[in-house]
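**Student:** Please arrange chain B on chain A, whose structure you already have, making use of the hints.
Top line first, the protein sequences correspond to chains A and B.
Residue numbering for the first sequence follows the numbering used here, beginning at 1 and increasing consecutively.
Residue numbering for the second sequence follows the numbering used here, beginning at 1001 and increasing consecutively.
Derived from the structure by calculation, the hints contain no laboratory data.
Just so you know, nobody snuck in bad clues.
Chain B is faced by these chain A residues, among others (derived, beta-carbon under 10 angstroms):
hint, residue
1, Asp93
2, Ser215
3, Gly350
4, Ala352
Rough simulated footprint, nothing fancy, chain B against chain A, three-plus residues with beta-carbon under 8 angstroms:
hint, stretch
5, 217-224
6, 319-331
7, 360-371
Note that this is a predicted model, so its numbers are computed, not measured.
We put the CB at the ideal spot given by N, CA and C, even for glycine.
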Amino acid sequence: MSSAPKYSIIDPATGKIDRRIYSEQAVYDEEMEKIFARAWLMIGHESLVPRVDDYFHTYMGEDPVILTRDRQSRLHALLNMCRHRGNRVVRCDDGNAGRFMCTYHGWAYSNDGALVHVPGESAAYYDGLDRSQLGLVEARLDTYAGMVFATWAGDAPSLEAYLGDARWYLDTFFNRRDSGMQALGPMKWMEPVNWKTTVDNCSDNYHVPTTHLSSASVQTRYLGRPRLSHRDQFESSNKHVFVNGHALTFREVSDDTFRYTHGVSTETLKLFQEYHEATLPEVERRLGAFRAHRVQLGNHSIFPNGVLGLRLALPRGPLRTEFWHFVLVERDAPEEIKRVIRIGSQANNGAAGMFEQDDIDNWRQVTSASQSRVGRRTPQDLSMGVGHSGTHPDYPGLVSERYISESNQRRFYLRWQEFMNAGSWADISLDPITAKFEGTATMRA
Amino acid sequence: MTSRQALWLELMEFYIREAWLLDERRLREWVDLFTEDVLYFMPRRKNVPRREAHREVTPLGDLALLEEDKRYLEMRVARLDSGMAWAEDPPSRTRHLIGNLLVEPHEGGEVLAKTAFIVYRSHHETDQQIFAGSREDLLRRADGGWKIARRTILLDANVLLDKNLSIFL
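This is chain A alone, in the form it adopts within the complex (with noise of 0.2 angstroms):
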């Protein structure tokens, strides 16, 4: 027997979309359950826990949850709330600790999870506790690329298949170098959004030269960065892509130009353009000589929550989303990328950056028209490019002809649709594995 599916809010040939996803207090209760219980989340990177004992304080969702890495070097998600009570067994934002204790009754664990001490336990509990059945709650780990990722859920699919082909476009960025990469940071703010905007708002190249037009401008002037318009954006051979709710844009390379990433200013043009040649044949054997030469991930999302290479769109409500910033760096790169591409990042995203700050209010009204009796009436119009996106030849997933669409935000919201109307994983659909994976580059390393 099969009833209606509850959500239907979009249609996928109008792009119409109604809005009460963004405000529903029902339906983010439903989130929390159906997509951040359910889902693959990304939680850190192994660099913020580089030693034996360390252990980094991060989020799956609203649950409080501590990345150790234990006495065997084996890394875990831990939920981070004591057995007994309920009261957090970690109050700080990184250290290096064997064992937490609770401050309520003294109840401690080691950093595997394992209940090591119970205060009087004998005589408190007539030797009847069974602390084996009392750890911390654990979710499953794994790993890609240095980036740590958990889940909630059994019977959820393994990571590799998670990610599926959109880790042929990842790759290009997170997995170029055999010494992998260094995560800095997090900064935290709260942005008055709901989280699907942030996450949305990756694949849409429309809004930048409207949205991002004075900070574009002044880097123009003031470090000597490309002008940015409406007309590149369109005649832009760079595409979008998607895999499995993960919504990627990309760029096409012809001529090996290297990564123009943030911060990259006339000064330092040439020095970014020397690593990338000395780099190459490293890149070249790890990714294979077409993703080497052409190929260069751009804005991207990893669903639900991962917004732009390693930052989260933490949920805190259907209008809160508590950010959380960090930027990578390639660990051998040399000290001064580093420092350009650290400096460049808080510039332009991060609670202060140019381009970050100019998104939010946006951000906010598109979230806000959602509460209102009568825009909550009126539906979205996603319709950007409906039709033209498919299959192509030499890239895996499903791809928009152009670098201005909305199809890969339809599709988000569709993903979306297909979590909240599934029962378990069983329900929900995985693009199957398609790319050929040339070099040798894996998911570990």
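**Tutor:** Then chain B, alone, in the frame of chain A:
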């Protein structure tokens, strides 16, 4: 009046004038208060155990909320003048209250000045936020007045509760 008291008064007035420049949005004049080699730095504040207080403020070289030189400061001010810096157009209404000034002589005639601030920000219709923190400045005599050669802003917040940091603190 001792020379020490005279210096304190001179610098207190310097900071009051700076606050008015910010609140009256005279940012071209404000950015002139910084030396050409300025480091304008706002590190992150972390929750760490009391006995590990040395880790509470992130060092230079880690990701900061702001790590800017003069060119970046000028770029930010030019952006606000563009008419298209939407986070500040229409602009925030701010009120900078600067106090608790401590002055310490430094080598080469430079001076270290520490102040505390409360900054109120009101934006659009009902958005409002209060920022609290401290500034530690290295001041240098120039053009008959003082210029800021290094500013470290310590915010008293872990998760910043505002939507963005589009104003100068």
